[in-house]
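Add chain U with the ligands to chain B, keeping to what the hints say.
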Amino acid sequence: MGTITFNGKEIPFDEGDNIIEAAKKAGTEIPHYCYHPGLSIVAQCRMCLVEIEGARKLATACSTPCNNGMVVSSESPTVKEAVSGVQEFLLLNHPLDCPICDQAGECSLQEYSLKHAASDCRTDLNRRTYIDIDMGPSIKKNMNRCIHCTRCIRYCNEVGDIYEMVALQRGNNTEIVTVDDKPLMTAYSGGLADVCPVGSLTTKDFRFSKRVWYLRRNDSICDGCSKGCNITVSHEKNLVFRLEPRENQEINKWWMCDEGRYGFHFAQSPSRVLAPAVKGGGSMESAQWSEAGARFNDLVVGAQSIAVVASADITNEEADLLKSSLPKAELYSYSPSVDSSSEDKALDHLIRRKDKSPNLKGLEGRGYSAFSKFNPSKFNLVVYASGGKVRPPYGIAKLSETTVGLGVFLKEEVDGFDVILPGPSWLEKEGSFTNYDEINQHFGQAIRPIGLAKPMSVVLSKYLADSVWQAG
Amino acid sequence: MLIKRETGFLQRFYLLEVMKGLFITTKNWLFSKNITIQYPEQRRKYSPLFRGQHYIKTTNGVENCTACMLCPTVCPADCIHIEAGERADKEKFPVRFEIDILRCCFCGYCEEACPKDAIKLSGIYEMADYERRVYDKNFLLIQRGSK
Ligand code: SF4
Ligand code: SF4
Ligand code: SF4
Ligand code: SF4
Ligand code: FES
Numbered sequence: 386m387g388t389i390t391f392n393g394k395e396i397p398f399d400e401g402d403n404i405i406e407a408a409k410k411a412g413t414e415i416p417h418y419c420y421h422p423g424l425s426i427v428a429q430c431r432m433c434l435v436e437i438e439g440a441r442k443l444a445t446a447c448s449t450p451c452n453n454g455m456v457v458s459s460e461s462p463t464v465k466e467a468v469s470g471v472q473e474f475l476l477l478n479h480p481l482d483c484p485i486c487d488q489a490g491e492c493s494l495q496e497y498s499l500k501h502a503a504s505d506c507r508t509d510l511n512r513r514t515y516i517d518i519d520m521g522p523s524i525k526k527n528m529n530r531c532i533h534c535t536r537c538i539r540y541c542n543e544v545g546d547i548y549e550m551v552a553l554q555r556g557n558n559t560e561i562v563t564v565d566d567k568p569l570m571t572a573y574s575g576g577l578a579d580v581c582p583v584g585s586l587t588t589k590d591f592r593f594s595k596r597v598w599y600l601r602r603n604d605s606i607c608d609g610c611s612k613g614c615n616i617t618v619s620h621e622k623n624l625v626f627r628l629e630p631r632e633n634q635e636i637n638k639w640w641m642c643d644e645g646r647y648g649f650h651f652a653q654s655p656s657r658v659l660a661p662a663v664k665g666g667g668s669m670e671s672a673q674w675s676e677a678g679a680r681f682n683d684l685v686v687g688a689q690s691i692a693v694v695a696s697a698d699i700t701n702e703e704a705d706l707l708k709s710s711l712p713k714a715e716l717y718s719y720s721p722s723v724d725s726s727s728e729d730k731a732l733d734h735l736i737r738r739k740d741k742s743p744n745l746k747g748l749e750g751r752g753y754s755a756f757s758k759f760n761p762s763k764f765n766l767v768v769y770a771s772g773g774k775v776r777p778p779y780g781i782a783k784l785s786e787t788t789v790g791l792g793v794f795l796k797e798e799v800d801g802f803d804v805i806l807p808g809p810s811w812l813e814k815e816g817s818f819t820n821y822d823e824i825n826q827h828f829g830q831a832i833r834p835i836g837l838a839k840p841m842s843v844v845l846s847k848y849l850a851d852s853v854w855q856a857g
Numbered sequence: 753m754l755i756k757r758e759t760g761f762l763q764r765f766y767l768l769e770v771m772k773g774l775f776i777t778t779k780n781w782l783f784s785k786n787i788t789i790q791y792p793e794q795r796r797k798y799s800p801l802f803r804g805q806h807y808i809k810t811t812n813g814v815e816n817c818t819a820c821m822l823c824p825t826v827c828p829a830d831c832i833h834i835e836a837g838e839r840a841d842k843e844k845f846p847v848r849f850e851i852d853i854l855r856c857c858f859c860g861y862c863e864e865a866c867p868k869d870a871i872k873l874s875g876i877y878e879m880a881d882y883e884r885r886v887y888d889k890n891f892l893l894i895q896r897g898s899k
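As given, the protein sequences belong to chains B and U, one line each in that order. Heads up: the first sequence begins at 386 in this note's numbering, then just goes up one per residue. Heads up: the second sequence begins at 753 in this note's numbering, then just goes up one per residue.
Among these hints, one or two may not hold up.
Here are the simulated DMTMM-like pairs of lysine to aspartate or glutamate, each with C-alpha atoms no more than 20 Å apart in a straight line [to be verified]:
| hint | chain 1 | residue 1 | chain 2 | residue 2 |
| --- | --- | --- | --- | --- |
| 1 | B | Lys595 | U | Asp881 |
| 2 | B | Lys589 | B | Asp579 |
| 3 | U | Lys844 | B | Asp590 |
| 4 | B | Lys589 | U | Glu843 |
| 5 | B | Lys394 | B | Glu436 |
| 6 | B | Lys638 | B | Glu543 |
Cβ pair distances, simulated, as ranges [unchecked claim]:
| hint | chain 1 | residue 1 | chain 2 | residue 2 | range |
| --- | --- | --- | --- | --- | --- |
| 7 | U | His833 | B | Leu481 | 25 to 33 Å |
| 8 | U | Tyr877 | B | Arg512 | 37 to 45 Å |
| 9 | U | Leu854 | B | Leu553 | 35 to 43 Å |
| 10 | B | Asp604 | U | Tyr798 | 37 to 45 Å |
| 11 | U | Arg757 | B | Trp598 | 35 to 43 Å |
| 12 | U | His833 | B | Leu499 | 22 to 30 Å |
| 13 | U | Pro828 | B | Val456 | 44 to 52 Å |
These are computed hints drawn from the structure, not numbers from a lab. Only a predicted model underlies this, so the values are computations on that prediction, with no experimental measurement involved. By construction, the Cβ of each residue, glycine as well, lies at the ideal position given by its N, Cα and C atoms.
Pulled out of the complex, with its shape left as it was, chain B reads as follows (with noise of 0.2 Å):
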């Protein structure tokens, strides 16, 4: 701990912050490209420059580290000049084509054209151009728009663990390819779009689907394993349109894998059952939901023994509360790859678990049992509850007399349910799920219920009779 003097106001900063930290702390933000928290310190886009008492030359924000008494200027007119000399340089070369470009509204390029360049353009000069290289599933490149800050570089060697992308060649020419123009295989491509400042990262999956400024935000967590990784959710009108991750230093610091990337898909399938569908003579038909209420109801109240089984992909506050409306159930937990969490392991260096379900701990927690120890024979009733993503275990329906769903389904899973009654998935509720580590997190509904889904605490109190909840 200690003070420095930036921009004539005494700012404190903590051990090791270098000056682009302890000003954003004080609320200024130093304009930077290079610079990323989560990645080793290069200085060499040179957008970070301040002036500092006693040195001779402007320094780099992002390499330098505070000291204490140290009097730093990010606002002086050298300062200035330099800035935007350095932004006039990246532009000789830019193709400006922000019409077309998926980063235009996020773009550190845009901002600080907008703060720290002149308004005009002194070259007439030909730009470069570079035929774009194939990056793979994931990552559309646009050379033409590289600003060579090498985040990219650093987040394959640092992050993802492989070392396929490079720099070949020098100045005015630099261009960052992969190795042998191979593809990236990495499991946390998805990132590269996010290290990159411009817009010449981008994800294919979410390519021209949306001007980011249509956007809402909404912050979530994850529900693509059991790391629980926190996350920005972006939807416009209802549809979600890419996940993004949020800094959590104790879970996921600043990434997400692309499985949780992209995994949301699945929530806005054509194929998800949004309307309460009836077992009638054969195959599923869409039915009213108090027909599908009542129908859940009768069946509850005649069995004589019921297990609910819940995907491991249900919030706490939904097992809670299945627990406590149907006291009579005994309860089972699925997750895809594992049987218990005590199987749950690392899947990599970073951040990947094995455990392909976010809430096994939470339920475990609440009295859930293996899945293993199920015994469909033993039961007239099971209630199966999915929470999204895990698929339930192939024909579970055909196992036991009755089944009746609960939660998210796709057509082709429904054959062999008796009711099912469709619920929201993750994105479109609230609740909470318990990583690996017994960290609890609470994250909110981004979206509303697509479809006819309701939640499932309306299911439960609306049609189960008060007898069923009085049982226990």
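Using the frame of chain B, we list chain U with the ligands on its own:
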């Protein structure tokens, strides 16, 4: 607000006032120039700044529009609907481009916002139709006017 006006002695007879009115009518009827024209044979000249029916400008048969979504962003009536896509000869182009013309208020903001000089408001003002028209891309690509 109601303002009470005093009526004079002569005015209360009305006769003089009626005569005055008839005099003005007769003067206009007999001596002034016609202000109506024989539409549609005759047409008025509008200012080149007039904002009428939209079209999308093309260059060598390819639409100028690159689906940047600036016009739907700026449109106060929220009546432009675009879906972007990619094809071999054009990195980003509008797969679907629709203007819900009955909602349009002809402010011309779309034309002003367009970085590609693509969306234009022509001088055409005869837009009556028998049904609720939504202009689709094919219709908008027909070039109208020289603006
Ligand atoms: S990288 Fe930024 S400045 Fe460059 S074209 Fe894309 S949005 Fe525009
Ligand atoms: S592609 Fe993006 S992240 Fe990589 S060097 Fe270029 S601008 Fe930086
Ligand atoms: S003229 Fe105005 S209201 Fe009409 S489409 Fe253009 S921006 Fe929208
Ligand atoms: S502003 Fe112009 S280029 Fe952009 S979407 Fe509208 S018509 Fe197309
Ligand atoms: S951020 Fe400091 S030099 Fe790039």
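Original post:
What hint numbers does the structure not satisfy?
Top reply: As far as the earlier hints go, 1, 9, 10 and 11 are violated by this structure, in ascending order.
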